[in-house]
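**Q** Under this note's numbering, the residue at position 430 of the sequence shown is numbered 430, and the numbers go up by one with no gaps.
Hints listed in this document are in silico derivations from the structure and should not be mistaken for laboratory results. Honestly, I wouldn't trust all of these hints.
Stated by the list, open to error - Each computed PhoX-like pair below joins lysine-lysine, with the alpha-carbon atoms no more than 25 angstroms apart:
hint : residue 1 : residue 2
1    : K301      : K258
2    : K336      : K322
3    : K223      : K236
4    : K63       : K53
Being a predicted model, the structure only gives us computed values, none of them experimental.
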Amino acid sequence: MNENNNTEVTEASVEAVDSTAAISISDDRMTAYLTMTAPENGGKELSAEDIHKEIAVSPVKAKLEEEAIETALKQQNYDIPIIIARGVRPLNGIDGIINYRFETGGALTPKKNEKDEMDYKDLGLVQNILSGTPIADITHETEGEEGVDVCGIALKSLPGKPAKYMVGLGTVLNEDGTMISAAVDGNLRWHKDHFTVEEVLNIGEDIGAATGNIDFIGDVNIKGNVFEGFFVKSKKNITISGTTSNATIEAGGNIDIKIGAVKSTLKANGDIKTGFCEGCNLESGGDMISASFVSCEALSKGTITAISGKGVVIGGRLTAFKGMVFNLLGSGAYTKTSLTLGESAVLAKEKKELEEEEAQLTEKTTQYAQLAEQLNATKKKAGGLPPDKEETLKTVIRGRFQMATEIKKIKKRITEIDESFRDNSALFVEIRKTVFPGVSVRIGELRKKVEKEWDRCRVKVDNSGDIVIEPITGRM
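Make a model of the complete structure from these sequences and hints.
**A** As structure tokens, this is what we get:
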């Protein structure tokens, strides 16, 4: 009786303990954990529903990792914190950047030439750029993306910083702000923190070893001189405040050398103007003006004038398509000086080339005619020609026609040149002071040597078709 009573007391004193679920959140609120306890003494196991009820009364609002909950229940992962939800961290914006397509910095260094050799006369002072050429690419900053913690509280992001750049003079920013381009043709230069494009190249020093050669698409203004062995080229105008010596100057527009040029090559599509000119080779598409031309080779498609200062022409050979005006022509030492008026020198060369081409075409036409005659004779005798011979005959006939057309064009141009040789009535050389013996003048195909000194005179073609020297009366 006593034994049975003891057993009942022992069983009644052991109490069943159910499994429990606890939800916890990390200090940064970016992770939520589930921790389960094991049931004891036959206590109740947790179900997924029990866990979700516990989560529902917790602060957790983030999306649950259901698979993690299922796995924890299935494997009975008691007393182990299981991650059941994660927050989304904010994504800060990315800073904007600018990428330049050209080297920044202003140091002058020799560049490599076509032979991959260092060219110490090309120091990179000029960097030509055409309007519309991209200079820099800009990537905009991003705003970033907000985050959210496991409690559903939004977490702000930091926006990126804009790219630092400046739209310099002569450049332009496109509409969406992603590219800087050249707004004009000019010289691309770096100024501390941005590029500019200069339409006019201003150089406040001599052109020499410190600057290197200049080759620019815009106007060039040089405050100093151009030294021996260096060149200045421009698609537009060139102005030089000093002198040029054994230099080359080429301009798509005008050349203006304030003091003068010595033993230099000057070539311009427009006018050439110098203070003085000595031992130079000049060619201009417009007029040519200087206080003196001494021992120069000059070709002007306009006029050649030397009336300022001494206004003297001594030695050399000068050609002008439209006329010449000088103060003094030649010298008392009878220095040989040759003048050509009109396009005769140029046209004579063209005429000779045309006549040679005409002779070659005429000879070839004769050969084609003989071949065509032979093929036609064979065709008549045999009643036909093989396909290749028939094609040859067609080619010969077409060739004869084309050459005849070309010969006709050549003859027409030769006639035009001959007529221009004859029409020289408007051409003259005017000497406002003195012309000396030793001077020869060519107008068209006519030539005249000055045999004695003349003062205030004009050399021209008279009504009889001869070159004459006549005095100038009255005021000029």
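**Q** So, for every hint listed, does it hold in this structure?
**A** For each hint, the structure was consulted:
no., hint, result
1, K301 - K258, "holds (22 angstroms)"
2, K336 - K322, "holds (22 angstroms)"
3, K223 - K236, "holds (17 angstroms)"
4, K63 - K53, "holds (15 angstroms)"
Hint violations for this structure: none, all hints satisfied.
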